[in-house]
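> For the protein sequence lines, the chains are G and R, in the order given. For the first sequence, position 5 (counting from the first letter as 1) is numbered 5 according to our numbering, and the numbering increases by one without interruption. For the second sequence, position 289 (counting from the first letter as 1) is numbered 289 according to our numbering, and the numbering increases by one without interruption.
Everything labelled a hint here was simulated from the structure, so no lab data went into it. Any given hint could turn out to be false.
Stated by the list, open to error - Below, in silico cross-link-like pairs of lysine-lysine (BS3-like), each with a Cα-Cα straight-line distance of 30 angstroms or less:
id, chain 1, residue 1, chain 2, residue 2
1, G, 43, G, 82
2, G, 82, G, 23
3, G, 101, G, 82
4, R, 77, G, 82
5, G, 82, R, 384
6, G, 23, R, 384
7, G, 43, G, 101
8, G, 43, G, 23
9, R, 77, G, 101
10, R, 596, G, 101
11, R, 420, R, 264
12, G, 82, R, 596
To be verified - Computed from the model, here is a short list of chain G residues facing chain R with C-beta under 8 angstroms:
id, residue
13, 49
14, 76
15, 82
Said to hold, decoys possible - Computed footprint of chain G on chain R; a stretch qualifies when at least three of its residues, placed anywhere within it, have a C-beta under 8 angstroms from a C-beta of chain G:
id, region
16, 371-385
17, 596-606
For clarity, every value in this text was computed on a predicted model and none was experimentally measured. From the three backbone atoms N, C-alpha and C, an ideal C-beta is built for every residue, glycine too.
Spelled out, the chains give:
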Amino acid sequence: MAAALAVFVVYTALAGNGVAQLKPSTLAGHGGDVTVVGAVVGKVTGDAYGRSGMRFQLRDIGSAGAARVPVVYRGSVPDLFKTGRDVVVEGTLRNGVFVAKPGSLITKCPSKYGPGKTTSST
Amino acid sequence: MAALGRAALLLAFGLIAYALIAGSYAAWKRRRRLALSAQNALIAAFPATLVAAAVLFVALGRRDLTFAYVAQHTSHKLPLGYALSAFWGGQEGSLLLWLLILSGYAGLAVWLNRRSRDLVAWTVPVFALVASFFAFMLCFVSSPFNVAPAPADGAGMVPSLQNPYMLAHPPMLYLGYVGLTVPFAFAMGALLSGRTDERWIVATRRWTLAAWTFLGVGQLIGSHWAYVEIGWGGYYAWDPVENAALMPWLAATAFLHSVMIQEKRGMLKVWNMVLVALAFNLSLFGTFLTRSGVIDSIHSFSQSPIGGWFLGFLVLMVVLSVALIYWRLPLLRTKTRLESLVSREATFLYNNLLLVALCLTILWGVLYPVLSDAVRGETRSVSKPYYDFFLHTFGLPLLLLMGIGPLVAWRRASLRSLGKTFLIPFGFAVITGVVLLALGFGSSWPGLLTYTFSAFVVASIALEFVRGRAATGSVVRLIGRNRRRYGGYIVHAAVVLLAIGIAGSSAYQTVREQHLRPGQSIEAAGYTLTYRGSTDVRGANYTGFRALLSASGHGEHFNLDPGMNDYAIEGPSNEASIYHDPRSLGDVFTKAQLVKGNVIDLQVLVKPLVNLIWAAGFVFVLGALIAMWPDAVEQRRLAARYAAGAVPAGL
């Protein structure tokens, strides 16, 4: 067990301690590679395979606050990606725009435990 | 009808509360008749819960949208099978499934072991304590029987969950999670009663095996669903919710091995108690994780108020487990010592330490965002490289130990006998490794080591079967005479298949991505895929396209049609197209998205040996069933050991 503990300590000391996982509202000021978790808001524009990439905005999940971060993304569009979905994306904040790593966008699996929405009664 | 469901749940809660209070008092004061009454109340809680479950099933089947739960998780157009699967598709239904399985397990386990009065007297209140939490939640916090004016239609179900795998994956996991309560309840019952001999282990061995099997199969089904349905080309993402099922499975695996040492040599009593408590509490932790929303996951579980309740209950159970083990330490200490570091017992111990180390490093990875937030004020997370490192560091020696353990003698093994025993497996592994190295498999050292160690384990298992067959005359008779041992070897063979499948499909996979116009081709690992053009598709609630591909390679010719469906409500969904190559036992996995006009972006993943992972599931179940199968010889042996009519009965 001591050997296992030693391997663990050495690994965590040498290999660093993970990637910062931020909300759009806490992204400002972080220059390096980070992971952002947020909800897609507004209109999705552009082309994920085009030169300018696909553009959308992220807001804190479950928040109606004003903090939004523009995202530019290139690469494969994940399942169920659309406005309103919660997503996870890796990248770097550059001049106020979050430049995502190609292929890093993941749509969070719409949960079986998520709050249900029913159509209104007639 | 909702009133009937609520009444049945209240009755179940009353019976369970009685079993808890009266059972505790009876066990403390040694009141036999009262203990029997508490036992009967616990058994009676199952039919009461079954009535509540039947009410919910009927409501789901009839799409009775006056039930808020039914309206939130089904719709009129949802096929009946999926409507019924909504039972475990939502929070309240999942809690009811927990209680249904738990009350069923508890009633049966207590009834089967009713003659072990001392042990069962304290086991009943432990079962009742766990069940009372779930019954309380269902009656007073999160009821599936809330009613509201019926909407025009229900919310339906996410398309990716409308998959046959989803009919089996969650119930399997629940059967596993909840099943771990049985060894836990008996272990705590043993501590409370002071009967800390091997009876509780014998009484629960098959229950633990069954829970462990369900948990393993449930994870494999979930992985296969992710592989074929989600369309990202993988089957395990080290996501916290996935890890939540893996951790108790690892702890239970360690427990299943270490109990053999206690049975054979009377050692590791404290360790076994710790493992069974760890496995149970990790299963609670998994449930807490999926409902609290405290840890970010690609599974978008909503933040729910019941997370706090689960945390409170989890803390209570951890404190209770630790306190009981600490209190009974004098009874758990054994005089038997490990005689040699080169013995069967020692290899089991190394196996246990590695399994627990792997389990705890995964737990650390899962909790890291919460801990880093608490300590540094910034949420940080660890990802695949972290988990892969520890999988290699602890998993590869574990694989090797699977081959070493069965060949080492109990108590003490001499170097000379070891040399003779290991000669064939060692030689086979070395030859395999050298050949693979010459064939270019050195591009991935973890992959090469996995294959080499697997060869060692296969040779060691084969050697055991050959020797056993020589002694008994036939393999069937050999297995029949020692089901537990040879069932275990078959499970080891399944783990080898799993390891080879994972190594092949991850360490040696080929990934290619390219934009293609009609007529253009892409090459990947000896396969050539030519894009012929695209075609539109239309379903009841989606439109989409399919890229038509002709492919050839390794003597095979086949067609693939990956594409996308755009669901009106839910959004776009990748539709992967997979070819299972019977020669390589691998897959050609394709995914396509339209770029512009007829131009597609095509991803091709060639995953060698990936189908061994799914084949491992069948071998795993076969081995587990053999190990679980009742054994008359073993029963007679146990009857002799625990005389005076107190033979604990397994499942």
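> For each hint, tell me whether it holds in the structure or not.
Hints, one by one, checked against the model:
no., hint, verdict
1, G:43 with G:82, "holds (9 angstroms)"
2, G:82 with G:23, "holds (19 angstroms)"
3, G:101 with G:82, "holds (19 angstroms)"
4, R:77 with G:82, "holds (23 angstroms)"
5, G:82 with R:384, "holds (26 angstroms)"
6, G:23 with R:384, "holds (21 angstroms)"
7, G:43 with G:101, "holds (21 angstroms)"
8, G:43 with G:23, "holds (20 angstroms)"
9, R:77 with G:101, "violated (39 angstroms)"
10, R:596 with G:101, "holds (22 angstroms)"
11, R:420 with R:264, "holds (25 angstroms)"
12, G:82 with R:596, "holds (19 angstroms)"
13, 49, "holds (4 angstroms)"
14, 76, "holds (6 angstroms)"
15, 82, "holds (4 angstroms)"
16, 371-385, "holds (count 8)"
17, 596-606, "holds (count 3)"
Against the hints set out earlier in the document, a violation occurs for number 9 only.
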